[in-house]
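Enquirer: Chains as they are written, first to last, in the working numbering: chain F, 1 to 310; chain H, 1 to 334.
I should point out that these hints are in silico values taken from the structure, not numbers from a laboratory. Do not rely on the hints blindly, as some may be mistaken.
Not the full set, but computed from the structure, chain H residues with beta-carbon under 10 angstroms of chain F [to be verified]:
1. 26
2. 141
3. 153
4. 156
5. 193
6. 258
7. 259
8. 310
Far from chain H by the CB rule (all over 12 angstroms, computed), these chain F residues [what the hints assert, rightly or not]:
9. 103
10. 165
11. 196
12. 200
13. 205
14. 216
15. 224
16. 246
17. 250
18. 276
Residues of chain F clear of chain H, computed beta-carbon distances all greater than 10 angstroms [what the hints assert, rightly or not]:
19. 61
20. 118
21. 190
22. 208
23. 223
24. 240
Using N, Cα and C, we set each Cβ at its ideal position, and we do this for glycine too.
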Amino acid sequence: MPLTGKRKRNSEAVALAAEPKTAGVVSGLSRTWHLARKYLPVGSGMTIVALLMLAAIAAPWISPYSPSAQYTDAVLRGPSQRYLLGTDMYGRDLLSRLIWGTRISLEVGVSAVILGFLIGVPLGVIAGYLGGTIEAAIMRLTGLWLAFHLLLLALIIVTALGGTLMNEIIAIGIGLIPNFIRLARGLALSLKASEYVIAGRAAGGGNLYIMFRHLFPNMISTLVVVASLDVASAIRTEAGLSFLGLGVPPPTASWGNILSEGREYIQCCPWLTAFSGLAIMVAVLAFNVIGDALRDLLDPRLRGEGAPGP
Amino acid sequence: MTQYIVRRLLVAIPMLVGAMSIVFLAMRVLPGDPCIAMLGEEATREALRDCVRQLGLDRPLYLQYAEYIYRSLQFDFGRSLHFQYTVGSYLWRMLPHTLLLVTASTLIAVLLGIPAGVASALNRRNPSIDYSLRVVSLLGLSIPVFYFGILLLIVFSLRLDLFPLIGGGDLDTVLDLLKSGEVFAYPLDFLNALRDVLWHLALPAFALGFTLAGTVTRLSRSAMLEVINQDYIRTARSKGLHERTVVYKHALRNMLIPLLTIIGLFVGLTLAGAVLTETVFARPGLGKMLVDGIGARDYPLVQGAVTVFTMTIILVNLLVDVLYAVIDPRISYR
């Protein structure tokens, strides 16, 4: 409902003026609610990521069955006490396969982002700091890169190289490089004019010294935000590739190929697709939430704008 | 202005050629031999040699490359290895399906996303509105379109039996009637075919549209936040303008400019989403064609589909650059 400008401004002014006073007198309940709203999203995001990492590392010990063991007496069974999330068409335990699939998703998600980061950030810093022909060349290449969407580029590369874990990492990592180049270049451009960089140069620091000692440490926090959002899109892209049958080939379990295999059985056994897709979604959501929370924390422009998160 | 547009055009051409070169390179280093893929492992040596010659794979690479670029620019991608038709004709048949899906889902994304983003930004001090809108947009952003699509299929097609499970509907009839101008001669046929198309379109378009709406919501929220704190908004308010006028006349228009810049990115997102959506819903289209082509190692088919995808992205970006300059007079035509 549109308020008049005056009333709106008044209500904002009241809210601003009242803030410090009310902070002291709010009841314990609303204080708890306020804190929960502030930290619940980050907290749950971090908890989920920690649990996923734990599942990936401890897969051999915590999964109830082997991911490849076929129980022929229990083909396509629904969730039960014996098989918590049911079984697939070969009588394999879905929960165990999902736990093992966590490894693929996290390995690809995190490694691809590290690859993109390690190649993209130096290129971006060089482009932004040195400028000139080098910058023009790097940015032209980046523009070309961006003409392919992450999934399309990964699709072409994986098709060319074959679907293995390593190739998926390379394909998605290469696709993420331009994100980091553009970001690091923008940050380097704005930091280049700062006084400590000028001082560093006046003190006789060389280009490499300035880039490593002054530029990079000052952009790392922003880069980390984007990196965690990129992990989310890397996981989603991996799942997409596996879904299209271009990821890690079966019988190795990955969330995407479980979902893809389950598609043929959605009529009778929807739990196969439902649970594997849920796993993908929860993981993507968790990394997105963490990235968002970090951005709210680090981006001064958005600071104080409503509730942080979700 | 004209000079600016010409310059953008001149930049787009090498980009197009560069992107096509990447496609060509990727296709040529493919480990699988197309002839073996086509004829099977037991094919005789003579048959294989005939096949290689027929496809022109025995000629020098630079000749193949030059021919590929030259022909691609005329939409001639050769003949499919598995089916008896040219890739060009197949592309033209599939293109309307993908265009329809992309347009419909973009429309849904914009109609859901921009109002949600604006409402979220304007109500940023009202957590119940801002917070819930942000949660929904985050869900849209995080749910993979192929998962959301399957969930929709399970509920609305399998359980409730409201929508068809596969296919793209009778789009050919609609287009034929439109093209031949016989729409008015057979209005009932036309309406039936149209209804069939829309019926098949509903779920895929909603699946893709909803996931895209998450992105649109966030972008328009931050664009609105940026604009609403500007001096000219304060000026407009202090002139005593109605808040509605401030939002609709001053804020909304200026907010659309930063949104325009991400259209290029958005097109890539939508096309990639279309690849997945078409696969989930078994809808005919460029994406399905690409995936089928990869599965069958049908090189010309893959090359054609990827080239068209890339061309689209580059051309849309070019269009946005030009549009941007037309809309925002502050842009200098470097």
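Enquirer: Compare the structure with each hint and give your call.
Expert: Verification of the supplied hints:
Given the 10 angstroms rule on beta carbons, the hint for residue 26 of chain H holds: about 4 angstroms separates it from the nearest Cβ of chain F. Because the closest C-beta pair between residue 141 of chain H and chain F is about 6 angstroms apart, less than 10 angstroms, the hint holds. A hinted interface residue such as residue 153 of chain H counts as satisfied when its beta carbon comes closer than 10 angstroms to some beta carbon of chain F; here the least separation is about 7 angstroms, so the hint holds. Against a cut-off of 10 angstroms between C-beta atoms, the interface hint on residue 156 of chain H is violated, since the closest Cβ of chain F lies about 12 angstroms away.
Interface restraint check for residue 193 of chain H: the shortest CB-CB distance to chain F comes to about 28 angstroms, outside 10 angstroms, so the restraint is violated. For residue 258 of chain H, the suggested interface contact is broken, since its CB lies about 13 angstroms from the closest CB of chain F, more than 10 angstroms. Evaluation of the residue 259 of chain H hint against chain F yields a violated restraint, the C-beta minimum of about 17 angstroms exceeding 10 angstroms. Because the closest C-beta pair between residue 310 of chain H and chain F is about 5 angstroms apart, less than 10 angstroms, the hint holds.
Even its closest Cβ contact with chain H, about 19 angstroms, leaves residue 103 of chain F beyond 12 angstroms, as expected for a residue assigned away from the interface. For residue 165 of chain F, the shortest C-beta to C-beta distance to chain H comes to about 17 angstroms, beyond the 12 angstroms cut-off, and the non-interface label holds. Once the 12 angstroms rule is applied to beta carbons, residue 196 of chain F is consistent with being away from chain H; the minimum gap is 28 angstroms. Annotated as non-interface, residue 200 of chain F keeps its C-beta farther than 12 angstroms from every C-beta of chain H; the closest such distance is 31 angstroms.
For residue 205 of chain F, the shortest C-beta to C-beta distance to chain H comes to about 32 angstroms, beyond the 12 angstroms cut-off, and the non-interface label holds. At roughly 26 angstroms, the least C-beta separation between residue 216 of chain F and chain H is larger than 12 angstroms, which holds for a residue marked as non-interface. Chain H leaves residue 224 of chain F outside its interface by the beta-carbon criterion, the shortest separation being 19 angstroms against a cut-off of 12 angstroms. At roughly 7 angstroms from the closest C-beta of chain H, the C-beta of residue 246 of chain F falls inside 12 angstroms, breaking its exclusion from the interface.
Distance check for residue 250 of chain F against chain H: the nearest CB is about 15 angstroms away, which clears 12 angstroms, and the non-interface claim stands. At roughly 8 angstroms, the least C-beta separation between residue 276 of chain F and chain H is not larger than 12 angstroms, which violates its mark as non-interface. Distance check on residue 61 of chain F: its Cβ is at least 29 angstroms (rounded) from any Cβ of chain H, clearing the 10 angstroms threshold; non-interface status holds. Against the 10 angstroms criterion, residue 118 of chain F stays outside the reach of chain H, whose nearest CB is about 22 angstroms from its own CB.
Even its closest Cβ contact with chain H, about 16 angstroms, leaves residue 190 of chain F beyond 10 angstroms, as expected for a residue assigned away from the interface. Separation of residue 208 of chain F from chain H is adequate, the least Cβ-Cβ distance of about 30 angstroms exceeding the 10 angstroms criterion. Once the 10 angstroms rule is applied to beta carbons, residue 223 of chain F is consistent with being away from chain H; the minimum gap is 19 angstroms. Separation of residue 240 of chain F from chain H is inadequate, the least Cβ-Cβ distance of about 6 angstroms not exceeding the 10 angstroms criterion.
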